[in-house]
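The letter at position 243 of the sequence shown is residue 247 when you use our numbering, and the numbering goes up by one with no holes.
These aren't lab readings, by the way, just hints derived from the structure by calculation.
Just so it is clear, CB atoms sit at the ideal spot from N, CA and C, and this is done for glycine as well.
It is possible that part of the hints are untrue.
[Stated by the list, open to error] Restraint ranges, calculated between C-beta atoms of paired labels, are given here:
no., residue 1, residue 2, range
1, Met5, Ser34, 15 to 21 Å
2, Leu13, Ile117, 45 to 51 Å
3, Gly126, Arg42, 56 to 62 Å
4, Pro217, Thr27, 23 to 29 Å
5, Gly40, Lys238, 24 to 30 Å
6, Tyr168, Leu270, 56 to 62 Å
7, Ala20, Ala232, 31 to 37 Å
8, Leu270, Ile89, 48 to 54 Å
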Amino acid sequence: MNLSELISLYIAHKRALGYRFLTEDHLLRSFCRAVGDRPIETIGADAVSIFLNGKGSVTAYWYKKYHVLTGCYRFALARGMVTAIPLPRSVPKQDGPIFVPYIYSHAELKRLIDVLPALCAGRSRIDDYVFKALLLLMYGAGLRISEALSLHIHDVDLQQTILYVRETKFYKTRIVPLGKDLTQILNEYIAKRNNRYSAATDAPFFCFRDGTPLSRSAAHGLFRRVRAKADVLKEGGPRHQPRLHDLRHSAAVHRLIAWYRCGADLRDLLPKLATYLGHVDLSATQRYLTMTPELLHEASLRFAHYALEKDHD
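Based on the provided sequences and hints, a complete structural model is requested.
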């Protein structure tokens, strides 16, 4: 079997499981171009290492390539298509800082909202109340930016207090319940929005001032200015600053902290959070458990309480 055939089979397998697999598709096709479309048993460790190493430095991209190739070769090995995996057994240490999502504090979230009127005044293409609703929806419902900007009027049922998030990262539609406060915010937003823009059921939920759908690039651009104006910054240069997508991570971490503090059973609730966030597998949600010192502190308090109870048994 040639490499291109294996890649096509593996991608089809992952998509059948619900993964979108776009970045992985691109990486695997790049690998095929780099080593040549030839019988997979003839591709040795040297050819794989050359593809992995690229310009020489071990970056997060190196790990991404390694992870994708490992998955593909394990798929092939399990089906008898190869007899060995030609990837390095020891993984080198990454050069530079390891990426960790930024978790906003509640005070920082307030500052982001407070600077919007000044930044969106005058010739801005985006009204402040539109961007405020977008930020609060991403945080309050844990949405990805692509999911929020894909919403249409008919996807937001405020009477039933639910969102229909269609064609998500994993090609699935999910129903997201809305809390009381977020429902009130969206009711106020939709009343103001419908006075200016089309209220047709297929109209975009978030618009530019001219009524056209708000774009992802414009949302990211405005957020960078909002972040700077609100002085929500961290060390590490422009590539390592807090992102719009980190609102989603912050929502998940804040929810876990609240559950810890009220004594909830995370073994029962974590799968529900995974479903709420649209994760295909639980491991993507479990990584939030160790993401902040505050969350680790709450976990240690829970463990200490559990240990004391055991001592008294």
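For each hint, the structure was consulted:
no.	hint	verdict
1	Met5 with Ser34: 15 to 21 Å	holds (19 Å)
2	Leu13 with Ile117: 45 to 51 Å	holds (48 Å)
3	Gly126 with Arg42: 56 to 62 Å	holds (60 Å)
4	Pro217 with Thr27: 23 to 29 Å	holds (24 Å)
5	Gly40 with Lys238: 24 to 30 Å	violated (43 Å)
6	Tyr168 with Leu270: 56 to 62 Å	violated (28 Å)
7	Ala20 with Ala232: 31 to 37 Å	violated (43 Å)
8	Leu270 with Ile89: 48 to 54 Å	violated (35 Å)
Checked against the numbered hints above, the structure violates hints 5, 6, 7, 8; every other hint is satisfied.
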